[in-house]
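Each protein sequence line maps, in turn, to chains U and R. Numbered by our numbering, the letters in the first sequence go through residues 19 to 235 in order. Numbered by our numbering, the letters in the second sequence go through residues 8 to 221 in order.
Hints are computed from structural coordinates only; laboratory data are not their basis. Since this is a predicted model, take the numbers as computed values, not measurements. Any given hint might turn out to be false.
Stated by the list, open to error - In silico lysine-lysine, DSS-like type, Cα no more than 30 Å apart, as pairs:
# : chain 1 : residue 1 : chain 2 : residue 2
1 : U       : K138      : R       : K77
2 : U       : K165      : U       : K138
3 : U       : K154      : R       : K136
4 : R       : K91       : U       : K165
5 : R       : K136      : U       : K138
6 : R       : K91       : U       : K167
As the list claims (entries may be wrong) - Okay, the calculated beta carbon distance ranges per label pair:
#  : chain 1 : residue 1 : chain 2 : residue 2 : range
7  : U       : V98       : R       : R50       : 37 to 45 Å
8  : R       : K77       : U       : I135      : 19 to 27 Å
9  : R       : T12       : U       : A164      : 49 to 57 Å
10 : R       : L119      : U       : G112      : 18 to 26 Å
In this text, a Cβ means the ideal position worked out from N, Cα and C, and glycines have one as well.
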Amino acid sequence: MDAQTVIAKRIAQELRAGMLVNLGIGIPTRVANFVPPGIHVYFQSENGLIGTGPIPEEAMTQPRLTDAGGRPVTAVPGAVAFDSAFSFGLIRGGHVDMTVLGGLQVDERGLLANWMIPGKMVPGMGGAMDLATGAKRVVVAMQHSAKGKAKIVRQCSLPLTSSRPIDLVVTELAVLAQVDGHLELLETAPGVTVAQVLAATEAKLEVPAAVPTMRIE
Amino acid sequence: MQTTTVEEAVSRIPDGASLMVGGFMGVGTPERLMDELVRQGKRNLAVIANDTAMPGVGIGKLVSAGLLRKAITSHIGLNPETQKKMLAGEIEVDLVPQGTLIERIRSAGYGLGGVLTPTGVGTVVEEGKRKLEVDGREYLLETALHADFALVQAFLSDYFGNLTYVLTARNFNPVIAMAGKTVIADAEHVVPVGMISPDHIITPAAIVDYLVRT
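So here's chain U without its partners, still in its complex pose (with noise of 0.2 Å):
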């Protein structure tokens, strides 16, 4: 299985019946393929949708009804649209009870840097600003590394997204908490050791004494 599916399966797990959920673009996006059968989530998408379906074929794409990334999606029975004042409210008021975002950084304080690299890349920061500080609960997905440098580090050295740190990060290794500003690691995935993750990983983490392995089908 590859990384960006353990991530996604994983994050899958956190998944509850009536939840309202906005993913990210990229690795969150394709949480909603793995949502655990007979419950019903509701997905937001923050240009002014809940309801969010599949990706439809090439020649039943509506040109209204596009995702957070401008690509075409479908609504699902139920779906609602409304305006981006309102879809902030959402994010901001504490209605969106998780969302999935990317990262660039975690720190050892749970703190997010996910929206620019200065000099390099310079996108904007879109929805992610609001996302991070007023979704009730904050989930990274993310490779554990990038080209063999930490993602996890003892302090962000990119700008961070929010003040407010993230509740569980998820990546292809491992699945880390933050607990009143400390980074716990949860679990490691399938045929990963504990010295691997640590070894793998900048910023201190508390490891119990004994880390069960992600359940992944």
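The hints should help you fit chain R onto chain U, whose structure is shown.
The following block gives chain R in isolation, referenced to the frame of chain U:
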């Protein structure tokens, strides 16, 4: 409300004007007005919008044609031309979190001086802004954002100019319709008065100045 041609509507926009433009990555952007702005060769425009779309789409057309001096926006990541012109100093780009941008626009339209938002506290976004503590939590004071014109794309308009929108093409449109000093709307379809239920009209004709004839 007056009906007008696309040429007349755009001729009312002077060089140097500030424009709020509806749309999210081009979805819900009044394309006919974008094309006409380019055709009439307007100069030094300031655009307030969610994003600058892509080259050849929506606001991307204004960027490519060199019409903009400034963009106040949340995202330019899908338009490499905006990024290039920003780095070359040809366009001043003010990046604003999306939820803050729409609230600053809403504030202008609703007669508020601004809003207090937790978004951006402790990040580069707070630089130069007033921070206030309310009930033990820190907020940034984000001020109202006004514009000379709002360029709105609707789905249906009736002959009065009452507007509805469709799906994710709604986005910034009804909010900018409240905030622009002059509101120019285009609609995909124009229908007789009474065809749209009062409960379904989102933007009342009373705040629309010009409706572009189809």
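Checked hints:
1. Between the alpha carbons of U:K138 and R:K77 the distance comes to roughly 21 Å, so the proposed pair stays at or under 30 Å and holds.
2. With a CA separation close to 16 Å, the supplied pair U:K165 and U:K138 stays within the 30 Å bound.
3. For the proposed pair U:K154 and R:K136, the alpha carbon gap of about 26 Å is at most 30 Å, so the pair holds.
4. Taking the CA atoms of R:K91 and U:K165, the gap is about 26 Å. The hint holds against a cut of 30 Å.
5. Proximity of R:K136 to U:K138 is assessed by CA-CA distance (about 26 Å); at most 30 Å being required, the pair is judged to hold.
6. The hinted pair formed by R:K91 and U:K167 meets the criterion: a straight-line CA distance of about 28 Å does not exceed 30 Å.
7. Between U:V98 and R:R50 the C-beta distance comes to about 41 Å, which sits within the given range of 37 to 45 Å.
8. Taken as a hint, the range 19 to 27 Å holds for the pair R:K77 and U:I135, whose Cβ atoms sit roughly 24 Å apart.
9. Checking the proposed 49 to 57 Å range against R:T12 and U:A164 shows it holds: the Cβ atoms sit about 53 Å from each other.
10. At roughly 21 Å, the beta-carbon separation of R:L119 and U:G112 lies within the given 18 to 26 Å, and the hint holds.
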